[in-house]
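*Asks:* Position chain B relative to chain A; hints supplied.
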Amino acid sequence: MKAIIVLSLILATSCSSKKPEKRPIIYPQESQEVSTTKPKDPSITARQVAAEQGSHLVTEFKFPKGKAEISGKNKKKIRELFRKAKREGRVDEVQLITWADHEYPGGKKHELTSDQKRLVEKRNEALERYLQQLDREVEVTKVSMAEKAGALDRFTASDEAKVKNTLQTKDAPSRASQSMVIFILK
Amino acid sequence: MTDQVFRKTIPYHQRKKIFIPLGIILFLILLRIMLPPLIRVGLNTYLNEFSPSLKAHVADVDLAILRGTYSLKGITAQIKEKNKEFLEIQYVTARIPWSDLFRGELVTEVLINGMDFNYTEGLIPAIQKHLDSMEKDKDKEPSPIRVAKVDLKNSTVRTDLFPSLSREDGTVLTDIEARATNVTPTEKLPRTPFSFQAKLLKSGAIKTEGEALLGGEKPVWTLDSEMRNFDLTSLNKFLKQKVPLTFTKGMLDLYAEAKSEGGLISGYVKPFIKGLDVIKSKEEFSGARHWLAEVISALGNVVMKSEDTMATRVPFTFDKTLNPDSGKSITEAIGHGFFQELDRGIENSVGLGKEETKQSQEDKP
Numbered sequence: 014m015k016a017i018i019v020l021s022l023i024l025a026t027s028c029s030s031k032k033p034e035k036r037p038i039i040y041p042q043e044s045q046e047v048s049t050t051k052p053k054d055p056s057i058t059a060r061q062v063a064a065e066q067g068s069h070l071v072t073e074f075k076f077p078k079g080k081a082e083i084s085g086k087n088k089k090k091i092r093e094l095f096r097k098a099k100r101e102g103r104v105d106e107v108q109l110i111t112w113a114d115h116e117y118p119g120g121k122k123h124e125l126t127s128d129q130k131r132l133v134e135k136r137n138e139a140l141e142r143y144l145q146q147l148d149r150e151v152e153v154t155k156v157s158m159a160e161k162a163g164a165l166d167r168f169t170a171s172d173e174a175k176v177k178n179t180l181q182t183k184d185a186p187s188r189a190s191q192s193m194v195i196f197i198l199k
Numbered sequence: 021m022t023d024q025v026f027r028k029t030i031p032y033h034q035r036k037k038i039f040i041p042l043g044i045i046l047f048l049i050l051l052r053i054m055l056p057p058l059i060r061v062g063l064n065t066y067l068n069e070f071s072p073s074l075k076a077h078v079a080d081v082d083l084a085i086l087r088g089t090y091s092l093k094g095i096t097a098q099i100k101e102k103n104k105e106f107l108e109i110q111y112v113t114a115r116i117p118w119s120d121l122f123r124g125e126l127v128t129e130v131l132i133n134g135m136d137f138n139y140t141e142g143l144i145p146a147i148q149k150h151l152d153s154m155e156k157d158k159d160k161e162p163s164p165i166r167v168a169k170v171d172l173k174n175s176t177v178r179t180d181l182f183p184s185l186s187r188e189d190g191t192v193l194t195d196i197e198a199r200a201t202n203v204t205p206t207e208k209l210p211r212t213p214f215s216f217q218a219k220l221l222k223s224g225a226i227k228t229e230g231e232a233l234l235g236g237e238k239p240v241w242t243l244d245s246e247m248r249n250f251d252l253t254s255l256n257k258f259l260k261q262k263v264p265l266t267f268t269k270g271m272l273d274l275y276a277e278a279k280s281e282g283g284l285i286s287g288y289v290k291p292f293i294k295g296l297d298v299i300k301s302k303e304e305f306s307g308a309r310h311w312l313a314e315v316i317s318a319l320g321n322v323v324m325k326s327e328d329t330m331a332t333r334v335p336f337t338f339d340k341t342l343n344p345d346s347g348k349s350i351t352e353a354i355g356h357g358f359f360q361e362l363d364r365g366i367e368n369s370v371g372l373g374k375e376e377t378k379q380s381q382e383d384k385p
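If you read the protein sequences in the order shown, they are chains A and B.
Going by our numbering, the letters in the first sequence line up with residues 14 to 199, in that order.
Going by our numbering, the letters in the second sequence line up with residues 21 to 385, in that order.
By construction, these hints were calculated from the structure, which means they are not laboratory data.
Note that the structure is a prediction, hence the values are computed from the model and not measured.
Check each hint, because a few of them may be wrong.
Which chain A residues face chain B? A few, computed with CB under 10 angstroms, are given here [said to hold, decoys possible]:
| no. | residue |
| --- | --- |
| 1 | Pro37 |
| 2 | Thr49 |
| 3 | Thr50 |
| 4 | Pro52 |
| 5 | Ile57 |
| 6 | Ala64 |
| 7 | Ser68 |
| 8 | His69 |
| 9 | Leu94 |
| 10 | Arg100 |
| 11 | Gly120 |
| 12 | His123 |
| 13 | Glu124 |
| 14 | Thr126 |
| 15 | Asp172 |
| 16 | Ala174 |
Beta carbons: idealized from backbone N, C-alpha and C, even for Gly.
Extracted from the complex, chain A is given alone in its bound form (with noise of 0.2 angstroms):
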């Protein structure tokens, strides 16, 4: 009984509210995210990316809309994540997972234009020439989520296609302009 006041008194005094919301920040349905007031850095998708590829270092960002140039904080996030890689192993593999100023190109006939696939390699190019900076004998591997997985990487399932294929499903958030970057470990 007393337990049932005690509750009662609680959801009756938070009733008294008039305004008891704020705006945090709300994921639409359709995203994996869940709203919060603290984003989750990096995210469930980032993490489940790179687990799938048999890694936990992962960072992402995103890229100021048509530009390609990584910004001082990001190169921040990045050598952080290259220091806590080098002191946990050898870096096999480096995977660059980058967006245009547009969604992935869902659908059969859907494509995005030359310029965001340009775009996305120009990206792409910046990350690599920052890696190499960090480490000139990294191995990257680039995968532009501007183009769909070609034929032979679907059938073949390259890690390209993989990537592609997690990321590409009905829920996946919006991720214009993001880049993941994962250190794979040998």
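*Replies:* Here is chain B on its own, set in the frame of chain A:
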């Protein structure tokens, strides 16, 4: 006649060149035809005997060797003692890409499509008995196959614990889409991230994401969860079976974080209820069994005419029994009621290896 012409016109060494490859191809074709039924029979024998309390059956096996995909179709599972079915799966496909095999890695990804899970009487004891029987296999060598990803799609969970409910009314979760990656963790990569989305009673959209450490003796996990736009009246069909009250209206949004560490589950729940209206029947509540119903009923009386959203944050611990932290809840409820607003969404304050900390204002984006 044709045979004689053939023998005369094509010399033996040339015939050998044709017949050997032809024989190999024929053998491979025969093997391809014979293999699925052979695997099916062997697998079904195993699935019939693999557990003292459960058994399963596979209707068909499909091999696409070139693509590296292997499918089991029409899977069913039963409780042995009651001969009662609790699981149906349209198909399970495992893909072992040739590209990984050529790199010397045995990696697979699994897709489970169209699962229909029925929570039925006697299931939990049967699963427990099965798990107990597995205890002796605990020290077995780890599997050489790395399961990189398991996807669950187009699936449902229902219950037949209420005989008066139809199969459709007993359906609890629909549109389930779930994913777990790194399902066979290693010392170097111990975490298994997972996500889960579904519709609760065809109304509330549930999302859950988290990580689990599957390697240890006790389950260790952390999860964040939300449920939005849940129409409380959809609970009535279950409430009618158990407690003497129903909702005439009310929408629930709920945000929660929880973790299980060191054998203790802890976390918090933040319910946001809008326009609650409860009808209490004339029946008496029967003590502790109906305590929650009495709370909701009392609450309904308080806010019956109110369209406001009420919200609170209830920290809890669970160690065989649920212990809501009433003291904290009162303080926070009063706080949120009079002095500050309560944020929707999870606070990212509960995680493995960290004490729960209420999010400070500086942390907010």
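*Asks:* Run every hint past the structure and note whether it holds.
*Replies:* So, going through the hints one by one against the coordinates:
With 10 angstroms as the threshold, the beta carbon of A/Pro37 comes within range of chain B, its nearest partner Cβ sitting at about 4 angstroms, so the hint holds. At a threshold of 10 angstroms, the smallest CB-CB gap from A/Thr49 to chain B is about 4 angstroms, leaving the interface hint in force. Using the Cβ-Cβ criterion of 10 angstroms, the hint placing A/Thr50 at the interface with chain B is satisfied: the shortest such distance is roughly 5 angstroms. Interface hint status for A/Pro52: upheld, as the beta-carbon distance to the closest one in chain B is roughly 7 angstroms, under 10 angstroms.
With a least beta-carbon distance of about 4 angstroms to chain B, the hint placing A/Ile57 at the interface is held under the 10 angstroms criterion. Nearest Cβ of chain B to the Cβ of A/Ala64: about 4 angstroms, under the 10 angstroms cut. The hint holds. For A/Ser68, the shortest C-beta to C-beta distance to chain B is roughly 7 angstroms, which falls under 10 angstroms, so the interface hint holds. Annotation: A/His69 was flagged as interfacial toward chain B, and the flag holds, the nearest CB pair being 6 angstroms apart, inside 10 angstroms.
Checking A/Leu94 against chain B: minimum C-beta separation of about 15 angstroms lies over 10 angstroms; hint violated. Interface restraint check for A/Arg100: the shortest CB-CB distance to chain B comes to about 13 angstroms, outside 10 angstroms, so the restraint is violated. Annotation: A/Gly120 was flagged as interfacial toward chain B, and the flag is violated, the nearest CB pair being 19 angstroms apart, outside 10 angstroms. For A/His123, the shortest C-beta to C-beta distance to chain B is roughly 22 angstroms, which exceeds 10 angstroms, and the interface hint is violated.
Because the closest C-beta pair between A/Glu124 and chain B is about 25 angstroms apart, greater than 10 angstroms, the hint is violated. A hinted interface residue such as A/Thr126 counts as satisfied when its beta carbon comes closer than 10 angstroms to some beta carbon of chain B; here the least separation is about 30 angstroms, so the hint is violated. Of the supplied interface hints, the one on A/Asp172 holds, with its beta-carbon coming within about 8 angstroms of a beta-carbon of chain B, less than 10 angstroms. Because the closest C-beta pair between A/Ala174 and chain B is about 9 angstroms apart, less than 10 angstroms, the hint holds.
Hints 9, 10, 11, 12, 13 and 14 from the earlier list are contradicted by this structure; the remaining hints agree with it.
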